[in-house]
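Start from the sequences, fold in the hints, and give me the full structure.
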Amino acid sequence: MDEPIQYGVTDDYFDAVPMGDEIMVSMSDNVARTLAHLVDRLIRFLETGEVEERRATVFRHASSDKVLRRMFPDAYRDHTEAQAFRDRHAALLKDTEAPRRVLARCTEDLAHILPRAEVDDWLVTMALARFLVLPRKGKQLGMTGTWLNHVQECLVRVVNPRLARG
Amino acid sequence: MATWVVQRYRLLVRLVVMTIELGTSPVVPIATVLRQMLHTVYMTRNGTWRVVLQNDDVTSLLVVVHLVQTLCQTSIEQAALLAGDVHRRGSAEIGRFPDQAGAEQLTVALQRRGLHAAVRRS
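Chains as they are written, first to last, in numbering that gives the first Met the number 0: chain A, 0 to 165; chain B, 0 to 121.
Don't read these hints as lab results, they were simulated from the structure.
Beta carbons are placed, not taken as given, at the ideal position from N, Cα and C, and that holds for glycine.
Any given hint could turn out to be false.
What the hints assert, rightly or not - Not everything, but these chain A residues come out facing chain B in the computed CB check (under 8 Å):
#  : residue
1  : 71
2  : 74
3  : 75
4  : 92
5  : 113
6  : 127
7  : 129
8  : 133
9  : 135
10 : 136
11 : 140
12 : 141
13 : 151
14 : 159
15 : 164
What the hints assert, rightly or not - Which chain A residues stay away from chain B? Per the calculated CB distances, all over 12 Å, these:
#  : residue
16 : 63
17 : 72
18 : 88
19 : 103
20 : 110
21 : 128
Claimed, not checked - Computed footprint of chain A on chain B; a stretch qualifies when at least three of its residues, placed anywhere within it, have a C-beta under 8 Å from a C-beta of chain A:
#  : segment
22 : 70 to 77
23 : 94 to 101
24 : 106 to 115
Written out as structure tokens, the structure reads:
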């Protein structure tokens, strides 16, 4: 694997700290707006298959299919079985309740109290949003991927403190 | 081809053992024999369903360990070993189920959280 790119320090932040049985989440305005934009794109993709088009017309469907396949890769070696798996579980795989709750959080306040039960919503949403812009293999995470992973790791460290201690 | 021969050989051995066992009885209930044969054939053909986790370049090890621990209900140490196996070897088996539905349920849960999980039939 390539060495990760080091980015300079900015005013942007996303923090999660335990607060009793809940979690205090805070983020900068820019992070909140960027996350909201990405999550909105994710919701549109999951519900309609719409992707941000770089080319118009004939490439649209191929591109949407490509994103779907990297988001939910083949679960079986046989392509027909793999597609049947995606069709069979489409309702659950493409469910947008979790991203919608995350979107609401990102747009309401820069700091809020998150119930621990909602952490899974963030893990699901950040995980899937990465594949709107990143392939699974062969490319550096980049700024967006690094931030989405940072959000996931912040929350995992709070709900699983033994992992935080290494 | 080799798997096919082994499966048939195992089936033959099972049938011989069953015949010897049931042969001691004065009356052999044919329905029981048929049911046992069908069960043997079913188990031979279906076997177990494994869930395999494949490595990727996007999910951090910390998150993989957390997800394996919580979704596969393992200890944190076991989850770390499995995640390490995935990272080093490219893939690792993280679950085994008697039925396809169970294996697919775990696969969906892992894929929804960004991991490349796949189902394999043993």
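Practice task
Would you check whether residue 151 of chain A satisfies its interface hint, that is, whether its CB is within less than 8 Å of any CB in chain B?
Solution key: holds (5 Å)
Practice task
Could you check if residue 75 of chain A really has its C-beta closer than 8 Å to a C-beta on chain B?
Solution key: holds (6 Å)
Exercise for the section: Closer than 8 Å between Cβ atoms is the bar; does residue 133 of chain A clear it against chain B? Give me holds or violated. Expected result: holds (6 Å)
Practice task
Verify that the Cβ of residue 72 of chain A lies farther than 12 Å from every Cβ atom of chain B, and report whether the claim holds or is violated.
Solution key: violated (5 Å)
Practice task
Quick one: see if chain A covers the segment 106 to 115 of chain B, three-plus residues with Cβ-Cβ under 8 Å.
Solution key: holds (count 8)
Handout entry: Non-interface claim for residue 63 of chain A, where every Cβ of chain B lies beyond 12 Å
Key = Given that every Cβ of chain B is farther than 12 Å from that of residue 63 of chain A, nearest at about 18 Å, it holds.
Exercise for the section: Can you take a look at whether the segment 70 to 77 of chain B is actually covered by chain A? Rule is 3+ residues, C-beta closer than 8 Å. Expected result: This one is violated; 1 residues, fewer than the three required, reach chain A with a Cβ under 8 Å.
Handout entry: residue 140 of chain A as chain B interface residue, shortest Cβ-Cβ below 8 Å
Key = This interface hint holds because 7 Å falls under the 8 Å limit.
Handout entry: Status of the hint placing residue 159 of chain A at chain B (closest C-beta pair under 8 Å)
Key = holds (5 Å)
Problem - Minimum beta-carbon distance criterion (8 Å), residue 141 of chain A to chain B - result: For residue 141 of chain A, the interface hint is violated, since the closest Cβ of chain B sits about 10 Å away, which is over 8 Å.
Problem - Hint validity - residue 71 of chain A Cβ closer than 8 Å to any chain B Cβ - result: Cβ of residue 71 of chain A sits 5 Å from chain B, so the hint holds.
Exercise for the section: Answer holds if the nearest beta-carbon of chain B is closer than 8 Å to that of residue 136 of chain A; otherwise answer violated. Expected result: OK, holds: residue 136 of chain A within 8 Å of chain B, min 5 Å.
Against the hints set out earlier in the document, violations occur for numbers 5, 12, 15, 17, 18, 21, 22 and 23.
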